[in-house]
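Undergrad: Sequences listed follow chains Y and F, in order.
For the record, in the first sequence the residue sitting at position 403 is 403 according to the working numbering, with numbers rising by one throughout.
For the record, in the second sequence the residue sitting at position 73 is 73 according to the working numbering, with numbers rising by one throughout.
Keep in mind the hints are simulated off the structure, nothing from the lab.
All residues carry an ideal CB built from backbone N, CA and C; glycine is no exception.
Please note that the accuracy of each hint is not assured.
[What the hints assert, rightly or not] Here are a few chain F residues that sit away from chain Y, every Cβ distance over 12 Å (derived from the structure):
1. Asn-30
2. Ser-79
3. Asp-154
[Stated by the list, open to error] Computed footprint of chain Y on chain F; a stretch qualifies when at least three of its residues, placed anywhere within it, have a C-beta under 8 Å from a C-beta of chain Y:
4. 43 to 56
5. 66 to 76
6. 132 to 138
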Amino acid sequence: MNVRKFWLLSLVVLLVCQFGFAQVIANKTIAKQSFAKAQATGKPTPLLAKPLPGTKARPVIWVTGQKWQKSVGPAPKNVPGEPSFCDYNNGHQAAICPKGLQTAYGTNFPGANGGAGMTIVVLDYFSYPGAYAQLQFFDVVMHLPDPPSFKSIDLSGGNDGTGTGWDLETMLDLEYSHAMAPNASIVYIQADPNGDGSYEEQLAQSLGDVVSNSWTFTDQNGVGVELPYWEANLGFGPPTLFAAGDGSAFPYEGPAYPCTSPQATCVGGTSLYLKPNLTRNIEEGWSGSGGGCSQVFAIPAWQGSVGSGVCAPYRAAPDIAAIADGNTPVAVWICNAYWGCYFYGVGGTSVATPVLSGLVADMDTARVIFGKGKLNHLMNYELYPAAAYNYNYYYYDVIYGFNGYNAGPQYDLITGIGVPSGKALASRFFGIP
Amino acid sequence: MKKFAVLAVCLIVAGSAWAQVGTTNPNAINQDYVDWCQYGCSGGANASPQAWTSNMGFTGTVGLNGGFQDFYNLQQGGSWDGNFPSGMGLIYNGSILGNTPSSIVASFDTGVYAAGAYIQDDWVGPFTASITLYDQSYNPIATFSFNGNSTRSDPGHALFIGGYDTVPFWAVEFSVAGAGGVFEPDFSIGQMNINEAPEPGTLVLFGSSALGLAGYLRRRFQGVL
Chain Y
1 MNVRKFWLLS
11 LVVLLVCQFG
21 FAQVIANKTI
31 AKQSFAKAQA
41 TGKPTPLLAK
51 PLPGTKARPV
61 IWVTGQKWQK
71 SVGPAPKNVP
81 GEPSFCDYNN
91 GHQAAICPKG
101 LQTAYGTNFP
111 GANGGAGMTI
121 VVLDYFSYPG
131 AYAQLQFFDV
141 VMHLPDPPSF
151 KSIDLSGGND
161 GTGTGWDLET
171 MLDLEYSHAM
181 APNASIVYIQ
191 ADPNGDGSYE
201 EQLAQSLGDV
211 VSNSWTFTDQ
221 NGVGVELPYW
231 EANLGFGPPT
241 LFAAGDGSAF
251 PYEGPAYPCT
261 SPQATCVGGT
271 SLYLKPNLTR
281 NIEEGWSGSG
291 GGCSQVFAIP
301 AWQGSVGSGV
311 CAPYRAAPDI
321 AAIADGNTPV
331 AVWICNAYWG
341 CYFYGVGGTS
351 VATPVLSGLV
361 ADMDTARVIF
371 GKGKLNHLMN
381 YELYPAAAYN
391 YNYYYYDVIY
401 GFNGYNAGPQ
411 YDLITGIGVP
421 SGKALASRFF
431 GIP
Chain F
1 MKKFAVLAVC
11 LIVAGSAWAQ
21 VGTTNPNAIN
31 QDYVDWCQYG
41 CSGGANASPQ
51 AWTSNMGFTG
61 TVGLNGGFQD
71 FYNLQQGGSW
81 DGNFPSGMGL
91 IYNGSILGNT
101 PSSIVASFDT
111 GVYAAGAYIQ
121 DDWVGPFTAS
131 ITLYDQSYNP
141 IATFSFNGNS
151 TRSDPGHALF
161 IGGYDTVPFW
171 AVEFSVAGAG
181 GVFEPDFSIG
191 QMNINEAPEP
201 GTLVLFGSSA
211 LGLAGYLRRR
221 FQGVL
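With the rest of the complex left out, here is chain F (with noise of 0.2 Å):
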């Protein structure tokens, strides 16, 4: 009974370890998806924040983050030519439109337990992007950075940068480092996926994780039980 009671809390301990994971693939985060075009994709400002509403009716805001600075909604093959899918909607922050370079914030009314985005620097090149995840009183419980790079007349090719937690968090903050200098973060955010549910990946990984240290456990203690 003892050795149980141990082996509980050291389930405990490593289900805290798959607490947060960053992941660049768009299909780990797939169960709804925020479409920026709801915002016209005309290539106009919005001010900050405007309310946004998912495929599926969930429902949040987004903005640049600071306040009192508009972003502008624009569209891959339009008014953007990057790399994001054909025809995407997308949050452009407007660093070299006369805005102050800031990143971009997506909240959620609800807690959310994965969202991701695609993601491009403005400037030719390497960049490093990252998304940051918010409790729900809004204080950071994990940053995840990855590279990419940006190039121009590419489709299909940006970076998805996501995260998800096996508890619900209620903002993300994407933004970019790259060759923009001063002008930098200056990038968008194309489509935004979201999990309202627990991400299945992520209790499969606890489960396997949980299995796997039952039997070192067993093992370890066999000599004893």
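Just chain Y, with the same shape it has in the complex (with noise of 0.2 Å):
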């Protein structure tokens, strides 16, 4: 680390440790002020601080407050470098880290590469003028690489984001596609809150190898809505992934639209719990997960091995899942005036979906060195014969939890298939065609 970049470190984390750990900001409190303007009638919605149905306040965001004041202290010897409230503290699991999610998915798996040679497209709503600055600053802490190059592209319209929520959900985004592949380019667009993404989705497919999008619709009582006109919008090129939504079951907030649209790869929630070593100890399904069966969509011939009667006669979702759960949270960075500088604990099928995208560049790059081609918008005609063929060498399958459907053996309606071991899937040998 060079001497600016130390100097740098030290006075964030003595700001964090004189202010952060003294200030809890009420969760209830930042739910409603950060989504008030983002849940305009028949926007896009990001998909962070939705209180679980039926509780009073429970959102899946919250302050790195006092809880973790009194663990502060030294790293803990398995994780060299990371801070201190990182994956493991005295002995108990804290806010997981890139070091922790690198290794329960097992991104190193040979080929991979970090993702080298591709691009992850994350889209958001709402301008974020800071983003790459703080994507550097937590690539400083976290000891990860900055990514080769970073592109912002900016159709916001000129609505800032901060404060909205929206914010905090870029910095996610970001954060942690990164931390999965952090030798993969970035690509942010900033979509127009006004619009309804579709010359930004069709955008973000055109520039890229994995298209993240942690955001559903929803009409003006904030329940989700399916738009079969928005299809025309989506299967240009890349996978592109969308979050399930943190409402639970859909019978309680409608579907998850365009998660259960056939031409996405629809991502639900788990909550992951890791061994001292890093590794996954349990993982069970996010009762906050979005799930259930699309009101509109047929079901997609893809879906015929696995999960064929869970939904029939239509589309079920999600498809595949991965860490969200609130209180096994990831620690994102995010410093403007309304959040403050801080490390925040987030949760939701928003940080499952750009996890995933980050696993998915990296198993593009083991497939192009093996000589592959890259995957594509027809992922899930790859995904669900793979597990219908060798289920448990594929996926971690995913047997407990309950989000209103009750998790179980092979496919259900919290995390789909499970969640997809990346080693497997793009092996050289055994992998997916």
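Assembly of the complex is requested from the two constituent chains, each provided in isolation within its own frame, with the hints serving as guidance.
TA: Put into structure tokens, the structure is as follows:
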């Protein structure tokens, strides 16, 4: 670390210690203030801080407040170089950081090389001008390389997302897609919050190798709506991942579209508990994970092999899943006038989506090295047959959990097929063709 | 001192020449072995890949290269009437059972220094078997080929094909070319032998080569020493 970075890091750590752990922001207040603007009629909604249905205040965002103040101390020996709130502290799992995710989900598989040569496109609404600088700071703290290139495209129409919730969503998406594929380039599209994202989504699919979308459409009542006309914006190029929502099973808050699109790979959520060596200990279906049956879209051909009976004749969602529970949060750095400069513990399928987008970039790098083509928007045609052929080799089958539906062996409406194994799916010898 | 440095460089170069060696001698790879009858040897199909455990608890996977094709777990003397030792468990690639002809790959959860297996073409007559070693990133690092002859009802005479290295490798791929035409590669492998520790023979060879090289250099530079 050079002298400049060292002093910068020291200053921020000092600020966090001095103020961060003494300043507790009420979770409920955050949720209300942050998302009142974003949930306008017919607008895309970020999937961060919806309280669970039937609960008064259990958002999936909270500040790294006093809860962690007591456990601030030397970083655990098994995670050298990480902040002390990362992964394990005094024997207890705290916020999960990049090394924890990389280890638990096994990104260091043959050929992956951190997603080198691939480009991840992150699409969020509103602008957030400080995004790259904050990603760079995140990289310094977490000992990650900066992405080889970072391109920001502002189509927001001058709508600043600071304090809307989209700013934290943006940092989450950038930091954790990057954490899973630190050698992949990033394109950050800042979409117009007054539009429906059609142009931006099509642009996203033309600019990268995987697209991460952590948002859904809601009506004026905040209920999920499926928009068949919007299908024209999907299916152009690379794998396009969408979050399944944080409102538990679909009957509660309506289906999560575009996740329920047959042209999307729909990402559900889990609760991930690590072992002290950062490998997976327990992974269960997250109670808040969106999941259920589309009310519009017919069952796609690829869902005939696994999960066909769950929602037939309609499409079942999600397809795959990863960490999302706010009780097993990831640490997200953000620094602005609204949020202050802190690491926040963040949950939601907003986490799972960039995490798996990064994993797709890793898989693509391996596939190219091994002489196979990159995955594309037809990725579901590969994911489901793999499960049908050798389930427990290609997936971690999540069998416990309840979001209104029960998790169980093989396909379920919380985690879909399960948590994909990049190592298995991208294997030179046994991976998907 | 300068000449000593030259000698050291030469030794490193000499050492690299011994990096990978092919062998047909099963006794050269004898620290541990994998018995394929751990899958039952009932002749049934198994999804690729399957996890295996060696006699000493070492682990890995085995399957058909390319994915989504079952291998068949046969047994010499029962479901296979060929050259393997009697009763030996086999991995068959199933070419004449409808599979697309594929090589057989065994991967190791931890790198190994030597690996090899008995191998036989399903078609009677001469054949060429090959083994390819892969590094930790699954890049090929060496391929060795040896000739064999496939006969029926003649147990105990199967070709053994293996390779060893001075650094660990993480997967081996077996294949054959023979008289089976469009069905090739159509073959089985038998017991797989592995060395998890550096091959002593390699070290002996390296040591003797180093000594020989040192002697040569000593003679060469004797006049100026």
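Undergrad: Hint compliance check: list the failing hint numbers for this structure, sorted ascending.
TA: Failing hints: none at all.
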